[in-house]
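Asker: Sequence:
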Amino acid sequence: MSGDEGRLRELLTRLQDRDLEVLRKRWDEGKASGTAGPFDIERLIEVERDKLKSGGGDRTP
1 MSGDEGRLRE LLTRLQDRDL EVLRKRWDEG KASGTAGPFD IERLIEVERD KLKSGGGDRT
61 P
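Quick note: the sequence shown uses my numbering, first residue 1, plus one each step.
Because the hints were derived from the structure by calculation, they are not lab data. Since no wrong hints were added, every one of them can be taken at face value.
Quick list of simulated restraints, FRET-style, between CB atoms:
{"hint": "1", "residue 1": "D40", "residue 2": "S2", "range": "50 to 58 angstroms"}
{"hint": "2", "residue 1": "L15", "residue 2": "D50", "range": "39 to 47 angstroms"}
{"hint": "3", "residue 1": "G6", "residue 2": "A36", "range": "38 to 46 angstroms"}
Beta carbons are placed, not taken as given, at the ideal position from N, Cα and C, and that holds for glycine.
Build the full structure now, drawing on both the sequences and the hints.
Answerer: Structure (C-alpha coordinates):
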(Lines of atoms letter the chains of each structure in order from A and count residues from 1; the text may use other names and numbers.)
(Lines give C-alpha, C1' and ligand atoms only; values in the text may rest on other atoms or scores of the structure.)
Protein backbone atom coordinates (compact mmCIF):
# COMPACT_ATOMS: atom_id res chain seq x y z
CA MET A 1 0.00 0.00 0.00
CA SER A 2 1.43 3.37 -0.98
CA GLY A 3 1.55 6.36 1.35
CA ASP A 4 -1.22 8.13 -0.55
CA GLU A 5 -3.43 5.07 -0.47
CA GLY A 6 -2.95 4.72 3.27
CA ARG A 7 -3.77 8.39 3.88
CA LEU A 8 -6.88 8.16 1.72
CA ARG A 9 -8.01 5.02 3.52
CA GLU A 10 -7.49 6.72 6.90
CA LEU A 11 -9.41 9.79 5.73
CA LEU A 12 -12.28 7.64 4.51
CA THR A 13 -12.41 5.81 7.84
CA ARG A 14 -12.49 9.09 9.78
CA LEU A 15 -15.23 10.48 7.54
CA GLN A 16 -17.32 7.33 7.97
CA ASP A 17 -16.85 7.49 11.74
CA ARG A 18 -17.93 11.13 11.76
CA ASP A 19 -20.98 10.38 9.62
CA LEU A 20 -22.01 7.59 11.98
CA GLU A 21 -21.59 9.89 14.97
CA VAL A 22 -23.80 12.54 13.36
CA LEU A 23 -26.42 9.95 12.42
CA ARG A 24 -26.51 8.51 15.93
CA LYS A 25 -26.82 12.01 17.45
CA ARG A 26 -29.69 12.97 15.15
CA TRP A 27 -31.41 9.64 15.76
CA ASP A 28 -31.21 10.20 19.52
CA GLU A 29 -32.48 13.78 19.16
CA GLY A 30 -35.41 12.57 17.11
CA LYS A 31 -36.33 9.90 19.64
CA ALA A 32 -36.01 12.39 22.51
CA SER A 33 -38.30 14.91 20.81
CA GLY A 34 -41.32 12.71 21.47
CA THR A 35 -43.93 11.18 19.24
CA ALA A 36 -44.71 12.78 15.92
CA GLY A 37 -48.42 12.11 16.13
CA PRO A 38 -50.63 10.58 13.47
CA PHE A 39 -49.52 10.89 9.86
CA ASP A 40 -52.31 12.00 7.52
CA ILE A 41 -51.01 11.62 3.96
CA GLU A 42 -54.28 12.77 2.41
CA ARG A 43 -54.13 16.03 4.38
CA LEU A 44 -50.47 16.53 3.44
CA ILE A 45 -51.26 16.08 -0.26
CA GLU A 46 -54.17 18.52 0.01
CA VAL A 47 -52.02 21.18 1.70
CA GLU A 48 -49.22 20.84 -0.85
CA ARG A 49 -51.64 20.97 -3.80
CA ASP A 50 -53.15 24.15 -2.37
CA LYS A 51 -49.66 25.65 -2.11
CA LEU A 52 -48.93 24.82 -5.75
CA LYS A 53 -52.26 26.27 -6.91
CA SER A 54 -51.61 29.52 -5.05
CA GLY A 55 -48.07 29.77 -6.41
CA GLY A 56 -46.52 29.29 -2.99
CA GLY A 57 -45.01 25.90 -3.64
CA ASP A 58 -41.24 25.60 -3.55
CA ARG A 59 -40.24 23.16 -6.29
CA THR A 60 -36.52 23.13 -5.53
CA PRO A 61 -35.16 19.74 -4.49
